[in-house]
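K.L.:
Position chain B relative to chain A; hints supplied.
Below, each chain spelled out in residue letters.
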Amino acid sequence: MRRIISLLVENEPGALSRIAGLFSARGYNIESLTVAPTDDDSLSRMTIVTHGSEQIIEQITKQLNKLIDVVRLMDLTEGRHIERELMLLKVAAEGVAREEIKRLVDIFRGRIIDVDGETYTIELTGPGDKLDAFLAAMPAADILEVVRSGVSGIARGERSLRL
Amino acid sequence: MELTGAQIVVQSLKDEGVELVFGYPGGAALHIYDAFYSQEDVRHILVRHEQAATHAADGYARATGKTGVVLVTSGPGVTNAVTGIATAYMDSIPMVILTGQVPTHLIGDDAFQEVDTVGITRPCVKHNFLVRDVNDLAATMKKAFFIANSGRPGPVVVDIPKDVTAHTTNYSYPKNVRIRSYAPAHKAHAKQISRAASLLLRARKPIIYTGGGVVLSGAAKQLTTLVERLGHPCTNTLMGLGALASDHPRFLGMLGMHGTYEANMAMYECDVMLAVGARFDDRVTGDLKKFSPNAKIIHIDIDPASIGKNVSVEVPIVGDAGAALEQLLDVLDHTSVEQDTDSLGQWWEQIDTWRGRDSLGYDASDEVIKPQFVVQKLHEVTLGDAYVTSDVGQHQMWAAQYYGFNKPRRWINSGGLGTMGFGLPSAMGVQLAHPEAAVACVTGEASIIMCIQELSTCRQYDLPIKIINLNNRYMGMVRQWQEFFYDRRYSHSYMDSLPDFVELASSFGHTGIRVEKPGDVEGALRDAFAQKDQLVFLDFVTDQTENVYPMIAAGAGHNEMVLKPLPDGSAPAERELA
Numbered sequence: 001m002r003r004i005i006s007l008l009v010e011n012e013p014g015a016l017s018r019i020a021g022l023f024s025a026r027g028y029n030i031e032s033l034t035v036a037p038t039d040d041d042s043l044s045r046m047t048i049v050t051h052g053s054e055q056i057i058e059q060i061t062k063q064l065n066k067l068i069d070v071v072r073l074m075d076l077t078e079g080r081h082i083e084r085e086l087m088l089l090k091v092a093a094e095g096v097a098r099e100e101i102k103r104l105v106d107i108f109r110g111r112i113i114d115v116d117g118e119t120y121t122i123e124l125t126g127p128g129d130k131l132d133a134f135l136a137a138m139p140a141a142d143i144l145e146v147v148r149s150g151v152s153g154i155a156r157g158e159r160s161l162r163l
Numbered sequence: 001m002e003l004t005g006a007q008i009v010v011q012s013l014k015d016e017g018v019e020l021v022f023g024y025p026g027g028a029a030l031h032i033y034d035a036f037y038s039q040e041d042v043r044h045i046l047v048r049h050e051q052a053a054t055h056a057a058d059g060y061a062r063a064t065g066k067t068g069v070v071l072v073t074s075g076p077g078v079t080n081a082v083t084g085i086a087t088a089y090m091d092s093i094p095m096v097i098l099t100g101q102v103p104t105h106l107i108g109d110d111a112f113q114e115v116d117t118v119g120i121t122r123p124c125v126k127h128n129f130l131v132r133d134v135n136d137l138a139a140t141m142k143k144a145f146f147i148a149n150s151g152r153p154g155p156v157v158v159d160i161p162k163d164v165t166a167h168t169t170n171y172s173y174p175k176n177v178r179i180r181s182y183a184p185a186h187k188a189h190a191k192q193i194s195r196a197a198s199l200l201l202r203a204r205k206p207i208i209y210t211g212g213g214v215v216l217s218g219a220a221k222q223l224t225t226l227v228e229r230l231g232h233p234c235t236n237t238l239m240g241l242g243a244l245a246s247d248h249p250r251f252l253g254m255l256g257m258h259g260t261y262e263a264n265m266a267m268y269e270c271d272v273m274l275a276v277g278a279r280f281d282d283r284v285t286g287d288l289k290k291f292s293p294n295a296k297i298i299h300i301d302i303d304p305a306s307i308g309k310n311v312s313v314e315v316p317i318v319g320d321a322g323a324a325l326e327q328l329l330d331v332l333d334h335t336s337v338e339q340d341t342d343s344l345g346q347w348w349e350q351i352d353t354w355r356g357r358d359s360l361g362y363d364a365s366d367e368v369i370k371p372q373f374v375v376q377k378l379h380e381v382t383l384g385d386a387y388v389t390s391d392v393g394q395h396q397m398w399a400a401q402y403y404g405f406n407k408p409r410r411w412i413n414s415g416g417l418g419t420m421g422f423g424l425p426s427a428m429g430v431q432l433a434h435p436e437a438a439v440a441c442v443t444g445e446a447s448i449i450m451c452i453q454e455l456s457t458c459r460q461y462d463l464p465i466k467i468i469n470l471n472n473r474y475m476g477m478v479r480q481w482q483e484f485f486y487d488r489r490y491s492h493s494y495m496d497s498l499p500d501f502v503e504l505a506s507s508f509g510h511t512g513i514r515v516e517k518p519g520d521v522e523g524a525l526r527d528a529f530a531q532k533d534q535l536v537f538l539d540f541v542t543d544q545t546e547n548v549y550p551m552i553a554a555g556a557g558h559n560e561m562v563l564k565p566l567p568d569g570s571a572p573a574e575r576e577l578a
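Just so you know, the protein sequences line up as chains A and B, in that order. If you read the first sequence in our numbering, its first letter stands for residue 1, the second for the next number, and so on. If you read the second sequence in our numbering, its first letter stands for residue 1, the second for the next number, and so on.
Bound conformation, chain A alone (with noise of 0.2 Å):
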């Protein structure tokens, strides 16, 4: 089953090797992970996205609360929540092509943020499942270059991680 699971860590040097030890160490499978400050100088937020039995899950978020480093953690599939991940991608865009792939970016909400003779860079925001879908709909020998930012995700409503 996929998992999103955020955490708020100390903004310390150490903390993000200590959580990717901790999978590698124990054999968890992370999908993405990604890591930024926040407005509190003193913490970092992270978003891990795994997959585990629901045993496994319960492992793997008992073990994240024992590190001294993470301070709140909260799964978001548990609720309703939002997750978005960003996604620039440059594919060959010549002739006919052009127009064509236009057309899919417009259908995807995406853009076209720079251009050349031969080649479109795209930029697409949505849930990995949206940017899966995209690049499933390009055809693949186009595709020059994918660069994805991994899953960032809050949760909807009254529900939120914080101090």
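Treat each hint with caution, since some may be false.
Beyond 10 Å from chain A on every Cβ pair, some chain B residues (computed) [to be verified]: (1) GLN192; (2) ASP303; (3) PHE485; (4) PHE508.
Across the chosen pairs, the derived CB separations fall in these ranges [to be verified]: (5) A/ASP40 <-> B/ALA554: 46 to 56 Å; (6) B/GLY17 <-> A/ASN65: 25 to 35 Å; (7) A/ARG111 <-> B/PRO76: 49 to 59 Å; (8) B/LEU329 <-> A/GLY21: 32 to 42 Å; (9) A/GLY21 <-> B/THR545: 40 to 50 Å; (10) B/TYR37 <-> A/ASP40: 38 to 48 Å; (11) B/GLU314 <-> A/LYS90: 50 to 60 Å; (12) B/ILE179 <-> A/ASP39: 14 to 24 Å; (13) A/GLY21 <-> B/PRO565: 40 to 50 Å; (14) A/GLY150 <-> B/PRO565: 57 to 67 Å; (15) A/GLY157 <-> B/GLU2: 53 to 63 Å; (16) A/ILE112 <-> B/PRO76: 53 to 63 Å.
Restricting the straight-line Cα-Cα distance to at most 20 Å, the calculated cross-link-like pairs of lysine to aspartate or glutamate (DMTMM-like) are [what the hints assert, rightly or not]: (17) B/LYS289 <-> B/GLU314; (18) B/LYS142 <-> B/GLU16; (19) B/LYS517 <-> B/ASP543; (20) B/LYS175 <-> B/ASP136; (21) B/LYS289 <-> A/GLU54; (22) B/LYS14 <-> B/ASP34; (23) A/LYS90 <-> A/ASP142; (24) B/LYS142 <-> A/GLU118; (25) A/LYS102 <-> A/GLU145; (26) B/LYS309 <-> A/ASP75; (27) B/LYS309 <-> A/GLU54; (28) B/LYS532 <-> B/GLU436; (29) B/LYS564 <-> B/ASP358; (30) B/LYS221 <-> B/ASP330; (31) B/LYS296 <-> B/GLU314; (32) B/LYS564 <-> B/ASP281; (33) B/LYS142 <-> A/GLU10; (34) B/LYS66 <-> B/ASP15; (35) A/LYS62 <-> B/ASP303; (36) B/LYS289 <-> B/GLU269; (37) A/LYS62 <-> B/ASP281; (38) A/LYS102 <-> A/ASP116; (39) B/LYS309 <-> A/GLU58; (40) A/LYS102 <-> A/GLU118.
Don't read these hints as lab results, they were simulated from the structure. From a predicted model like this one, the values you see are computed outputs, not experimental measurements. Beta carbons are placed, not taken as given, at the ideal position from N, Cα and C, and that holds for glycine.
P.N.:
Quick look at chain B alone, frame taken from chain A:
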């Protein structure tokens, strides 16, 4: 008061009430060593190898419950210490390890004796710190001691660059410490305690299974009271021995891979299991698919991550073992529920049948020394009151099975990591903590060699440890597995070119005694323990072919034990096993 970082380290140790530090000097730690030179409040014990410093501090911590303290230099000082840090981590032993580091401006430069200490130790510590500013030093020391010896205890590394130990600042040791992300539970949830009590009172085939957590929590008394109040059978893990006296009528012996027949069968057949401070380790459970198929499990542990990790639990209880057991006793004091004494009586009859199999029986011999016999005699000679450390292997299992521990903190061994070389240095820590006590290191000729250099430390500090070397000229446990599972191909398990241990001991200034006949065992032990101020190395030449029984092969269930061969040499019939 304006102090250097080095002086702050020493002053913090004083303010923390530390009496002993085990260490070995080197470049990056020299300022700290200089600060040790001009004071006498904190005693420094100079070991001969950093691994031994960690094991000695570990033994001290296990025997006392206080935090063991280690001081080593950067680079190889740290890497040598890692085995001991991991040993303490696996068994949840409170330790603070202070490590010298290259000066901050050289960190990351591949400087002389530089390693990424925080990186190398990260997977085997409860937490670690790199102190980059002398102004953070005192607070970090305070945090380190707090983290090490609260909640589920464990080792904490404080890495201190050399320039930080030279810088000065105004020193005051914090009185309190608050870490916003760390608040270990103490008392258990009252509702869960009530649920546990109700399950226990209605149990027809109960078992209480306890581990090292009961010893660490100091909950032996509460456990004994509970066992007596309920009249339930109790088994201990390797780490939990001594929490219930071995001669208590409700005690079934150790469980697990080399546990007794009655303990393992009771685990398999039970309908309600109360697990306290135990973590359902693979050596305890065997095959999880065959683990206690009918049991409703209550699990008390200070670490929420230990609960539900390997087996699913009916009643999870997060809290300190002692506090939770007291809450449980309190509920039992006020209950009107009657126990099902008929069912309990039948359960005990069944257990007594299993006991009748005498799974720890062995064939005595007049010709050759049986290792089990030596351990039994050790119990007799020390009146069961010695501190016993061990290394890892057959001798460890025999010490656990045959010594008969009646008090907690008397049995000191590397249970989780299984570290050969642990026995002698940990005995040093125990002896320094309890100078008047009888301390025995039960070991084997392969294990003792791994930290044999510490005989020199024992000489320097006059530590009258008694080394009980069960010398079978094999890495016995390896040989046993090769006999059982590798068709007797004894690949590299034979100890060739062994030293003369009597001469070896004497070259370090100790007494050595070789014992070759069963009839001489008791006399030699009495002789050794009579020498109150002398380390005695007893080299028992034991039966080379002896195996540890009973045994559950890795991956088998509790009901699939291999018992010792019958007198005619044949294996017991299968029906007897299940």
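K.L.:
It remains to establish, for every hint, whether it holds in the given structure.
P.N.:
Hints, verified against the model:
1. At the 10 Å boundary, the C-beta of B/GLN192 stays outside the reach of chain A, the nearest C-beta of that chain being 17 Å off.
2. Consistency note on B/ASP303: stated as away from chain A, yet its beta-carbon is not over 10 Å from all of that chain's, at 7 Å minimum.
3. Residue placement check: B/PHE485 keeps its beta carbon more than 10 Å from all beta carbons of chain A (closest about 26 Å).
4. The beta carbon of B/PHE508 is kept farther than 10 Å from every beta carbon of chain A, the shortest such distance being approximately 40 Å.
5. Against the hinted window of 46 to 56 Å, the Cβ-Cβ separation of A/ASP40 and B/ALA554 comes to about 49 Å, which satisfies the hint.
6. Evaluation of the 25 to 35 Å hint for B/GLY17 and A/ASN65 yields a pass: the beta carbon distance comes to about 30 Å.
7. At about 56 Å, the beta-carbon gap between A/ARG111 and B/PRO76 stays in the expected band of 49 to 59 Å.
8. One distance hint, 32 to 42 Å for the beta-carbon pair B/LEU329 and A/GLY21, holds here, with the actual separation near 41 Å.
9. The hint said 40 to 50 Å for the Cβ distance between A/GLY21 and B/THR545, and at roughly 45 Å that hint holds.
10. Take B/TYR37 and A/ASP40: their Cβ atoms lie about 45 Å apart, and the range 38 to 48 Å holds.
11. Between B/GLU314 and A/LYS90 the C-beta distance comes to about 56 Å, which sits within the given range of 50 to 60 Å.
12. At roughly 22 Å, the beta-carbon separation of B/ILE179 and A/ASP39 lies within the given 14 to 24 Å, and the hint holds.
13. The hinted window of 40 to 50 Å between A/GLY21 and B/PRO565 holds, with their beta carbons roughly 47 Å apart.
14. For A/GLY150 paired with B/PRO565, a C-beta distance near 60 Å keeps the hint of 57 to 67 Å intact.
15. At roughly 54 Å, the beta-carbon separation of A/GLY157 and B/GLU2 lies within the given 53 to 63 Å, and the hint holds.
16. Checked against the hint of 53 to 63 Å, the pair A/ILE112 and B/PRO76 passes, with Cβ atoms roughly 57 Å apart.
17. About 17 Å separates the Cα atoms of B/LYS289 and B/GLU314, which keeps this hinted pair within 20 Å; it holds.
18. About 8 Å separates the Cα atoms of B/LYS142 and B/GLU16, which keeps this hinted pair within 20 Å; it holds.
19. For the given pair, B/LYS517 sits about 11 Å from B/ASP543 by alpha-carbon distance, which is consistent with the 20 Å threshold.
20. As the CA atoms of B/LYS175 and B/ASP136 are separated by approximately 15 Å, the hinted pair is consistent with the 20 Å bound.
21. For the proposed pair B/LYS289 and A/GLU54, the alpha carbon gap of about 18 Å is at most 20 Å, so the pair holds.
22. Between B/LYS14 and B/ASP34 the CA atoms are separated by roughly 16 Å; this keeps the pair inside 20 Å, and the hint holds.
23. Of the supplied pair hints, the one linking A/LYS90 and A/ASP142 holds, its CA atoms being roughly 9 Å apart against a limit of 20 Å.
24. Of the pairs offered as hints, the one joining B/LYS142 and A/GLU118 is violated, with about 62 Å between alpha carbons and a cut-off of 20 Å exceeded.
25. The straight-line distance between the Cα atoms of A/LYS102 and A/GLU145 is roughly 17 Å, inside the 20 Å bound, and the hint therefore holds.
26. With a C-alpha separation of about 18 Å, the suggested pair B/LYS309 and A/ASP75 falls inside the 20 Å cut-off, and the hint holds.
27. At most 20 Å may separate the alpha-carbon atoms for a hinted pair to count; B/LYS309 and A/GLU54 meet this at roughly 11 Å.
28. For a cut-off of 20 Å, the pair hint linking B/LYS532 to B/GLU436 stands: about 8 Å separates their Cα positions.
29. Our distance criterion of 20 Å between C-alpha atoms is met by B/LYS564 and B/ASP358, whose separation comes to about 10 Å.
30. Of the pairs offered as hints, the one joining B/LYS221 and B/ASP330 holds, with about 14 Å between alpha carbons and a cut-off of 20 Å not exceeded.
31. For the suggested pair B/LYS296 and B/GLU314, the alpha carbons sit about 6 Å apart, so the restraint of at most 20 Å is met.
32. Taking the CA atoms of B/LYS564 and B/ASP281, the gap is about 24 Å. The hint is violated against a cut of 20 Å.
33. Our distance criterion of 20 Å between C-alpha atoms is met by B/LYS142 and A/GLU10, whose separation comes to about 18 Å.
34. Distance hint between B/LYS66 and B/ASP15 is fulfilled; the C-alpha atoms sit about 14 Å from each other, no more than 20 Å.
35. For a cut-off of 20 Å, the pair hint linking A/LYS62 to B/ASP303 stands: about 9 Å separates their Cα positions.
36. With a C-alpha separation of about 14 Å, the suggested pair B/LYS289 and B/GLU269 falls inside the 20 Å cut-off, and the hint holds.
37. A threshold of 20 Å between alpha carbons decides the hint, and for A/LYS62 with B/ASP281 the separation of about 18 Å falls inside it, so the pair holds.
38. Our distance criterion of 20 Å between C-alpha atoms is met by A/LYS102 and A/ASP116, whose separation comes to about 14 Å.
39. Simply put, B/LYS309 and A/GLU58 have alpha-carbon atoms about 9 Å apart, close enough for the 20 Å limit, and the pair holds.
40. A C-alpha spacing of about 13 Å is found between A/LYS102 and A/GLU118, which places the hinted pair at or below 20 Å, so the restraint holds.
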